[in-house]
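Colleague: Fit chain B to the known structure of chain A by using the hints.
2 protein chains.
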Amino acid sequence: MKIIKYESFKEGEDMSNWIGVDIGGTKILGALFDDKGNKIKTEKKSSKSSKGKEKVIDQLKKVLDTLLEDSKDVKGIGIGVPGVIKDGKIAFTPNMPLNEFNLIDFVKEEYKIDCFVENDANASMYGEWKFGAAKGAKNAVGYFVGTGIGGGLILNNSLYRGSYNFAAEIGHMNVYPQGPLCGCNLRGCLESLSSKVAIQREITRKRERGEKTVIKKSDLKNIVKSSTLKSAYDEGDKVVRSILNDVAFYLGINAGSIINLLNPDVILYGGGIMEALGEELLPIIIETAKQYSIPHIFDTCEFKLSKLKDDACLYGAFSLIQEKVGA
Amino acid sequence: MKIIKYESFKEGEDMSNWIGVDIGGTKILGALFDDKGNKIKTEKKSSKSSKGKEKVIDQLKKVLDTLLEDSKDVKGIGIGVPGVIKDGKIAFTPNMPLNEFNLIDFVKEEYKIDCFVENDANASMYGEWKFGAAKGAKNAVGYFVGTGIGGGLILNNSLYRGSYNFAAEIGHMNVYPQGPLCGCNLRGCLESLSSKVAIQREITRKRERGEKTVIKKSDLKNIVKSSTLKSAYDEGDKVVRSILNDVAFYLGINAGSIINLLNPDVILYGGGIMEALGEELLPIIIETAKQYSIPHIFDTCEFKLSKLKDDACLYGAFSLIQEKVGA
Chain A
1 MKIIKYESFK EGEDMSNWIG VDIGGTKILG ALFDDKGNKI KTEKKSSKSS
51 KGKEKVIDQL KKVLDTLLED SKDVKGIGIG VPGVIKDGKI AFTPNMPLNE
101 FNLIDFVKEE YKIDCFVEND ANASMYGEWK FGAAKGAKNA VGYFVGTGIG
151 GGLILNNSLY RGSYNFAAEI GHMNVYPQGP LCGCNLRGCL ESLSSKVAIQ
201 REITRKRERG EKTVIKKSDL KNIVKSSTLK SAYDEGDKVV RSILNDVAFY
251 LGINAGSIIN LLNPDVILYG GGIMEALGEE LLPIIIETAK QYSIPHIFDT
301 CEFKLSKLKD DACLYGAFSL IQEKVGA
Chain B
1001 MKIIKYESFK EGEDMSNWIG VDIGGTKILG ALFDDKGNKI KTEKKSSKSS
1051 KGKEKVIDQL KKVLDTLLED SKDVKGIGIG VPGVIKDGKI AFTPNMPLNE
1101 FNLIDFVKEE YKIDCFVEND ANASMYGEWK FGAAKGAKNA VGYFVGTGIG
1151 GGLILNNSLY RGSYNFAAEI GHMNVYPQGP LCGCNLRGCL ESLSSKVAIQ
1201 REITRKRERG EKTVIKKSDL KNIVKSSTLK SAYDEGDKVV RSILNDVAFY
1251 LGINAGSIIN LLNPDVILYG GGIMEALGEE LLPIIIETAK QYSIPHIFDT
1301 CEFKLSKLKD DACLYGAFSL IQEKVGA
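Heads up: the protein sequence lines correspond to chains A and B, in order. Using our numbering, read the first sequence as starting at 1 and increasing by one per residue. Using our numbering, read the second sequence as starting at 1001 and increasing by one per residue.
Calculated directly from the structure, the hints in this document are not laboratory data. Heads up, a few of these hints could be off.
To be verified - Computed, partial: chain B to chain A, Cβ under 8 Å:
1) Lys1138
2) Asn1139
3) Ser1163
4) Tyr1164
5) Ala1167
6) His1172
7) Met1173
8) Gly1256
9) Ser1257
10) Asn1260
11) Leu1261
12) Ile1294
13) His1296
Bear in mind the structure is a predicted one, so any value in this text is a computation, not a measurement. Don't be surprised by glycine CBs; every beta carbon is placed ideally from N, CA and C.
Bound conformation, chain A alone (with noise of 0.2 Å):
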């Protein structure tokens, strides 16, 4: 990607201001950091997704106008996007009506503001990897399970794109063969085993043969929620544990190919099913990796919950147009 210095941004100058936005399917976030990565202050605005591209544009407008409101010298706006970036333009976002949507030129057009975007999950483990919990990993693999599976690499200390900048589809590798039918159209993947989707997919059908659960029908009209598991699992729900424990388990059996394959010395679980049971789920996940690596590659490697959640994104996507521009 070319980014072009614009004449405002004169060298020298005391104080600048960044901007880390996290446009996801239901929400638009965003926050204001000064050069050292302190956070001044944030905006949430819904995405309103189903009302099509205009209106996530406006959305996102709103939360960009609130932001500049105060702030002066703002050098940069990073963005992170839940689909494939390609030259920085957004190639493909299942989730959202941006594809094709060249979001780079639109910021400069409206604000004359540098900007860089990136892949979300990408993006939040930059954010961990430079503020969070895989800060000075050399190798990091993070794993981000909400609806879907989301993965990011940190390889040899930088953020690893492969060779046309489609790597890190994690929750798409196989785990199972004859597993079940992914949402990519694929089978077995990670995703179909341990997203909330597959969680979904497993408490409907549970509850459909007649088993006892405290999880509602109303509960799954949309996607269930991360804290409504969460309770159940405090609960007892046997259902729900039931299938937290193999959401766990091939999690663990991801991990345990992912550690023989990278080495990494980090590997960083968030996301909302994380956020909200990382601890009953970490110990498992722990425990099937053990199972399923080399013992001497095993011992090598920290397992850590998410630092900064819900603000990863923002950190790496500020961090990322904070490198490209140059502090």
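Modeller: Okay, now just chain B, sitting in the frame of chain A:
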């Protein structure tokens, strides 16, 4: 690893030579190279692994002595070894009596020549990347399918070793959670389903069940030869064809996962099984990988058979020592 420049290596000399060595469980291969990577001379000895450490070292010395006979100014010796290399030493080599042996110090003391030691699959992948089928790739993944399955990773234009030099154990990635016990004591590793050990186990099992095959009991006395499998395949042997179909299927599943994770531009297959049966197995591997990877990522990946074959490790070992010492 600290490389000591010996005084005998004067800079500015016109010509120099390098030695690459491949220490394997059954044979030790060595070659003398010129600065440009032309192979001047080769030497081969049985490694006599069963006769213990001293014997293996004797055999290595014979190979090196022969290569050094007519050469002048050998600037370095690169060696590939089937094991885990840690701080330049052989930390662990399951199939050879060289555990904990400091091969670098031995060569430096014995020959007063600089030495570099690398895992053999890493060295082979490096050779293929510098001189072979993966030349020019930004990100490439190598599978070396023989008695076991070794792996090598080129990521962002360099050999990827992981945080503690343990990376690329691709043969021990899980491809089937309830799969067979692997030699490493994990379950369902790629190696437990797609290596020559797995093929041998399946042929034995099927023979004992009374299934008809041209593979004789005597063929299975030691590990079955790749050439024997190739002949059986060509004769249309149903047992061998069915087993090799499964071998390729699991290799393909893993390739699909690797594509989704790393978005490599090249996946390369070497090792005895692929040298003998690559043309037959590759189409099945590719078709399976396609079924287990995201289409737009799959489309960016080329599948290749090893070009350097048995010489891959030699070329890689030569390249690695040359780069360490400086050409």
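Colleague: Are Met1173 (chain B) and chain A close enough, Cβ to Cβ, to be under 8 Å, as the hint says?
Modeller: The hint holds - Met1173 (chain B) has a Cβ within 8 Å of chain A, the shortest such distance being about 4 Å.
Colleague: May I ask you to test the interface hint for Lys1138 (chain B) with respect to chain A, counting a Cβ-Cβ separation under 8 Å as satisfied?
Modeller: holds (5 Å)
Colleague: Mind checking the CB of Ala1167 (chain B) against every CB in chain A and telling me if the closest is under 8 Å?
Modeller: holds (4 Å)
Colleague: Go through the hint on Ser1163 (chain B) and say holds or violated, using the shortest Cβ distance to chain A against 8 Å.
Modeller: Since chain A brings a Cβ to about 4 Å from Ser1163 (chain B), closer than 8 Å, the hint holds.
Colleague: Let me know if the C-beta of Leu1261 (chain B) comes in closer than 8 Å to any C-beta of chain A, holds or violated.
Modeller: Holds, because the Cβ-Cβ distance from Leu1261 (chain B) to chain A comes to roughly 6 Å (cut-off 8 Å).
Colleague: Restraint: His1172 (chain B) near chain A, CB-CB cut 8 Å. Satisfied or not?
Modeller: holds (4 Å)
Colleague: Mind checking the CB of His1296 (chain B) against every CB in chain A and telling me if the closest is under 8 Å?
Modeller: The hint holds - His1296 (chain B) has a Cβ within 8 Å of chain A, the shortest such distance being about 7 Å.
Colleague: Would the hint on Gly1256 (chain B) be counted as holding, given a Cβ-Cβ threshold of 8 Å to chain A?
Modeller: holds (6 Å)
Colleague: Please verify that hint: Ser1257 (chain B), Cβ, nearest Cβ of chain A, below 8 Å or not.
Modeller: Holds: closest Cβ of chain A sits about 4 Å from Ser1257 (chain B), inside 8 Å.
Colleague: Have a go at the Tyr1164 (chain B) hint: is there a Cβ in chain A nearer than 8 Å to its own Cβ?
Modeller: holds (5 Å)
Colleague: Taking 8 Å as the limit, does the beta-carbon of Ile1294 (chain B) come near enough to a beta-carbon in chain A?
Modeller: Holds: closest Cβ of chain A sits about 6 Å from Ile1294 (chain B), inside 8 Å.
Colleague: Answer holds if the nearest beta-carbon of chain A is closer than 8 Å to that of Asn1260 (chain B); otherwise answer violated.
Modeller: holds (4 Å)
Consistency note: the structure conflicts with none of the earlier hints.
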